[in-house]
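> Below, each chain spelled out in residue letters.
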Amino acid sequence: MPERRRTPAWLPAVVTATGVLALWTVVAASDLVRPAYLAPSPLEVWDAFVRANTYHEIGGGVDRVVRGEENYFLWEHLVVSLRRIGIGLLLAILVGVPLGLLMGTVASVRRVAGPYLDFLRSIPPLAYMGFLVAWFGIYDTSKIWLLFLAAFPPIALATINGVRGVREDQVNAVLSLGASRRQVVTSVVLPATLPDILSGIRVAVGFAWTTVVAAELVNGLPGIGGLAYLSGTQNKIALSVACILVIGLTAIALDALIRLIERSLVPWRGKA
Amino acid sequence: MTLESVRTHAGAVRVAGVEHVFGSRGDTVPALDRIDLTIEPGELVTLAGPSGCGKTTLLRLVAGFMRPSSGTITVGDRTVRGPGAERGVVFQQPTLYPWLDVRGNVALGPRLRGAAKAERAARAEEYLAMVGLTDFADRRPYELSGGMQQRAQIARVLANDPDIVLMDEPFGALDALTRERLQTELLTLWRTTGKTVLFITHGVDEAVLLGSRVLVMSPRPGRIVFDEPAPFAAASADVDPVELRASAEFAAMTRRVREAIA
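If you read the protein sequences in the order shown, they are chains A and B.
By this note's numbering, the letter at position 209 of the first sequence is numbered 204, and the numbering carries on one by one without gaps.
When you read off a place in the second sequence, starting at 1, and then add 2, the result is the number in this note's numbering.
Honestly, the hints are just simulated from the structure, not real lab data.
Among the clues, some could well be false.
[As the list claims (entries may be wrong)] The list that follows gives simulated cross-link-like pairs (lysine to aspartate or glutamate, EDC-like), each with its CA atoms no further than 16 Å apart:
1) A:Lys231 <-> A:Glu39
2) A:Lys231 <-> A:Asp42
3) A:Lys266 <-> B:Glu88
4) A:Lys266 <-> B:Asp103
5) A:Lys231 <-> A:Glu65
The shape of chain B in the complex, shown without the other chains (with noise of 0.2 Å):
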């Protein structure tokens, strides 16, 4: 434990009872049935599952996007009733602003907080050259290729500094080589850091390699039906994650998320 994760935390996420159901009278979808879970400060947890399994789904409820059909979803000791601050979310596909360049996208969040004029920009730089985009701070988005967008957009929200990071599967969309580039860095970001992080993907080797608690959910409605620790993301400080996804307890590991999604 580093000294960094000690500082005052919004709490854990607390998800209890969560029952959620897209549509309205006679015509309804069940989505989720009954997710109980607490996700710790500086945790990384992360969420697989077929795709269409309602994870997504139980991210925007803690993001806030939603209400969930019934249950409540705290944080710390206090209820989310919509978005805020303290949960950063970054999207599968990047949401970063047209109109603004990089530099401005990656300052929106101190801007809208009224922070003064030098501190955006010392922030903003300061993310920039922590995702490595230093060089692209005066392009706008469209003019950056998927990998880097997804860089922008991850720095827009450390730059916000929230206490709790929700990543719906940011690395999709991206080819092999960009992606696993991407996971090194997402880890290096978690273990400076100290955030919370909840992680969806659809990928098995993602999840045991990036989570420090892997979860699965089970196929509409969704239900948490695996909940382990996981070694491999604290390992990753020292050992170079290709050796890591070379280990027999990596494979032993991903065999069995593999059966629980099964």
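One chain only, chain A, in its complex shape (with noise of 0.2 Å):
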């Protein structure tokens, strides 16, 4: 029998990426889109995205350099908004996953707490905007604290999930070993429920980056979010589709990151 060929698995990507390029090139330069510069071509956004990281001259005849973009880099912008959900999603961790597992294990705490969960769960978090920058002004506090309202809900729940999940049996069997209530939580609630506080934790991601570049419409540079505001509403549209590009990616990248961390810190998922 000969070998039959097969196609190999990146092929179809690269295709439909190619081709997305292509299509978006030839709107570029057609006249579909006017003025022309509301649509500027890949490679535009390649250049704005260039002179975003690097010192350059502010053009227009002016023999002037200046740093990036707003006197940060692109990826310095990049690197607060980062900088801002790691501390926000820090801080939501360290809160939602004892909250979570008290309310999981104590079901008199589980009725007076839930109903303020689900309460603050289902408010956007950039309601709260206005107010915390009332309470904590327009610097990083109010933003912080943004991303800890926004992380921290669906991080409690899915940990009182996962423990409300914990197998009866898996309880008593440790209980049968002697274990006390606290060795019961330390070495079986918590690992058990470990698969779900990491997928609260994911859902909690996404929901912080989204919040986070949001919230950075009010004062928020440097930032990614912020810088890619502002250069929309100064019509450097490439350098606003770039910062797009660059948010996009990054959120596909921290979700591929925290699968890694499930992989490497639970290996057992789907298996027992």
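Take the two lone chains, each set in its own frame, and fit them into one complex as the hints suggest.
Below is the structure:
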């Protein structure tokens, strides 16, 4: 039997991406969108991306060299945004996981606190923004609070869910080995809940990322969302598109990173 | 009687006037109807009965996972109010923890007690060797076959050195060959360790072969309708279980147990 050549797995993706770029180039070069600056070509976007990451001349005949955009390189804008969600997320984990464990294990706490948690979850985080600016000012403190409020309900809810899903006999087994109440939590409930906690964190990261980008509309510089907004309002469409692409690719990278962490922390997921 | 079984023991398990009802207000299902039962130290008591008769309920009451609706359960002179390390439980489904390797699972009891690392490791090795899993110590439970998981679970319970081992149809989900091998292993373990064992099964053969005393429970609400000593568990030290199974005495007792169940 002759060996059949199989198409490599990456081929469809590459073909699609090339097609999208080609279509984009054609649309940008055509007169479909006017004025033309509203539809930058892929090359112009790439150019804006490079300029935003380097020292470059301000252009327009002015002989002045500036640092990236708004005095920060684009990657620095990105790092500032990532730092905000990093801190907000860390606080959300530190509060959400213990709260979820407590609510999951103690029925009375769950009954009392449950409705409040559901209420918090149902509020779009940006609704807090004005309130938080009034309380904590327009700088990073209010943004980190916002991200904390966005990220902690999904983490707490996933933790509660995980605790409630722990099989009764897994707890009974460890009690019959002589475990104390505290040991039941540390040696069974917490590790058994870890897959759910990580799922909650994954949801929270996605949520926090969309929230931080939107939150940076208010005094968001440096910040990738702030830059995306400002450049649009200044008609630097190519730069704005570059920021949008960076925001999207970062979201995908964050998700992939958490999946990687999941795989190494809970190798038993789906197997037991 | 070996010297082993003379060591201090938690004492007899006494089930006195225990009734148990599931559900509440109007919608209740009686599960157990006045059980009176004393299990002496060192006995291997098998409890057979049709499925749903309440035998697992009785085991879970003795384990302390539930409190009986009425009556009391004592171990030695202490009333059972919850699970305890002196009553090890082997579940029907192996409840091994997938975040620990097999060694970590077996060493869990000593670790919870705060045993030193060296002692934990030594105990784990000893009991892994006893159930023939030495080569699988570094595997995760889900990498093991069902029979090996069940052996690992038994090793975990024994490594915690309980006086009483409660086993809830531990071999029910296994294929016939694995089941027979584990039955033989259990008998060896029982003879060498002198543990008190309560073994739940729905298999008549299994009940007669393994029990030093065989109980039968009636359909719900469960009552004990048959209670006889059986010689085969002790005899299995000298005679191959295959021969024991083929003997006339075995057949006769099996028939009586079967009649008691029907």
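> A separate judgement is required for each hint: does it hold in the structure or not?
Structure-based check of all given hints:
For the suggested pair Lys231 of chain A and Glu39 of chain A, the alpha carbons sit about 11 Å apart, so the restraint of at most 16 Å is met. The hinted pair formed by Lys231 of chain A and Asp42 of chain A meets the criterion: a straight-line CA distance of about 12 Å does not exceed 16 Å. With a C-alpha separation of about 31 Å, the suggested pair Lys266 of chain A and Glu88 of chain B falls outside the 16 Å cut-off, and the hint is violated. A hinted pair counts as satisfied when its Cα atoms are at most 16 Å apart, and Lys266 of chain A with Asp103 of chain B qualifies at roughly 14 Å.
Annotation: proposed proximity of Lys231 of chain A to Glu65 of chain A holds, straight-line Cα distance about 13 Å (limit 16 Å).
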